[in-house]
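Student: Sequence:
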Amino acid sequence: MSDTQQLALPDPPPSGPPPADRRRLVLIVVAITAAAALVAVLIAVVGSGGEGRRGGSQTPAPAPAEGGRDTNDPIRPQGLSTLDPSARSDSEAAIRGNWPLLTHDEFDGTAVNTGTWDLYTGETTGGVGKHDPDNLSVTDGTMKLTSHGYSSAGMAWSDGQKYGRWEVRARTQRGNGYGAVILLWPDAEDWPEGGEINFMEIPKGQRSETHFVLHYGEDNSQVGTTVPGEFTQWHNYAVEWAPDHVAGFIDGQEIFRSSDPKTIPPRPMHLAIQQDIGPYGKDWIPPLDNTTPDRVQLEVDWVRIYGV
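Our numbering runs 165 ahead of the 1-based position in the sequence shown.
Treat each hint with caution, since some may be false.
[Stated by the list, open to error] Derived pair list, reagent style DSBU-like, types lysine-lysine, alpha-carbon separation capped at 30 Å: (1) LYS327 x LYS427; (2) LYS327 x LYS309; (3) LYS447 x LYS369; (4) LYS309 x LYS447; (5) LYS295 x LYS447; (6) LYS295 x LYS369; (7) LYS309 x LYS295; (8) LYS309 x LYS369; (9) LYS427 x LYS447.
If you are wondering where the hints come from, they were derived from the structure by calculation, not from laboratory data. Since this is a predicted model, take the numbers as computed values, not measurements.
Generate coordinates for the entire structure from the input sequences, incorporating the hints supplied.
Tutor: Next comes the structure, spelled out in structure tokens:
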């Protein structure tokens, strides 16, 4: 402001309280404003509760890709990987690769740590059922995610990061209609452009194969591999995400790698663990049937996050 410029000051307000009619008008305006703000907050909370991780979002589903394929529909990976029986063990990829530990959860308490994990409360993938935090429990040193009927659960690590390594020791129970998934999901909730890495995905009830699926691009392109095995037993599932590649591991053995720049997620991601309910996709997760047990668990022994 120059030395010659003058600020025009408003007239001082009248002293003393306003007349009664004006006081009533002010109170009415304040009440209306407060009510509108409360409604806006409630809408925001309901809209964001349990958002996310593979279809719980309240945002519209992506439009079908060119050729009519629904971009939400998973594609069975074309690759096939096997675990070498002579080398197979319970070794961790982190131990074999000497990864530097950043943080972890050993589930040694009596409940899920809500300071570390965000618990889902929205719809399951595809909107078939609902997530209920009451279906998550911690006992005897493991976290149990229990699905029953059309009620399931999911949880997401509160802090995301760009690049890193994640390893999870888990096992599943047999049961048609429930698909166990351990994945990385974009912090920005901008799927599919933000990417998705499913480093343990077991959609079929027999639990005889797991999939590593790397999603990328605005049309939800996918690459990955399928690994046969007995996945009701304990296994260590790991993913390594670096600027120049994404790699997957089971029991310390590499089962997938992509160095194609267009497949590398562009922004920070966080770990998520969930069990979806069928039917979903073109027979990706079949519907519940008369063979489905009353309760089906995904059990996790520990979660460990490493640097690159």
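Student: Run every hint past the structure and note whether it holds.
Tutor: Here's how the hints hold up against the structure:
1. Using a Cα cut-off of 30 Å, the hinted pair LYS327 and LYS427 holds, with the two alpha carbons roughly 16 Å apart.
2. With a CA separation close to 28 Å, the supplied pair LYS327 and LYS309 stays within the 30 Å bound.
3. Only pairs whose Cα atoms come within 30 Å are accepted, and LYS447 paired with LYS369 is accepted, the gap being roughly 12 Å.
4. Between LYS309 and LYS447 the CA atoms are separated by roughly 28 Å; this keeps the pair inside 30 Å, and the hint holds.
5. A hinted pair counts as satisfied when its Cα atoms are at most 30 Å apart, and LYS295 with LYS447 qualifies at roughly 21 Å.
6. Distance restraint check for LYS295 and LYS369: the Cα-Cα separation of roughly 20 Å lies within the 30 Å cut-off, and the hinted pair is therefore satisfied.
7. For the suggested pair LYS309 and LYS295, the alpha carbons sit about 17 Å apart, so the restraint of at most 30 Å is met.
8. Of the supplied pair hints, the one linking LYS309 and LYS369 holds, its CA atoms being roughly 19 Å apart against a limit of 30 Å.
9. Taking the CA atoms of LYS427 and LYS447, the gap is about 26 Å. The hint holds against a cut of 30 Å.
In this structure, none of the earlier numbered hints is contradicted; all agree with it.
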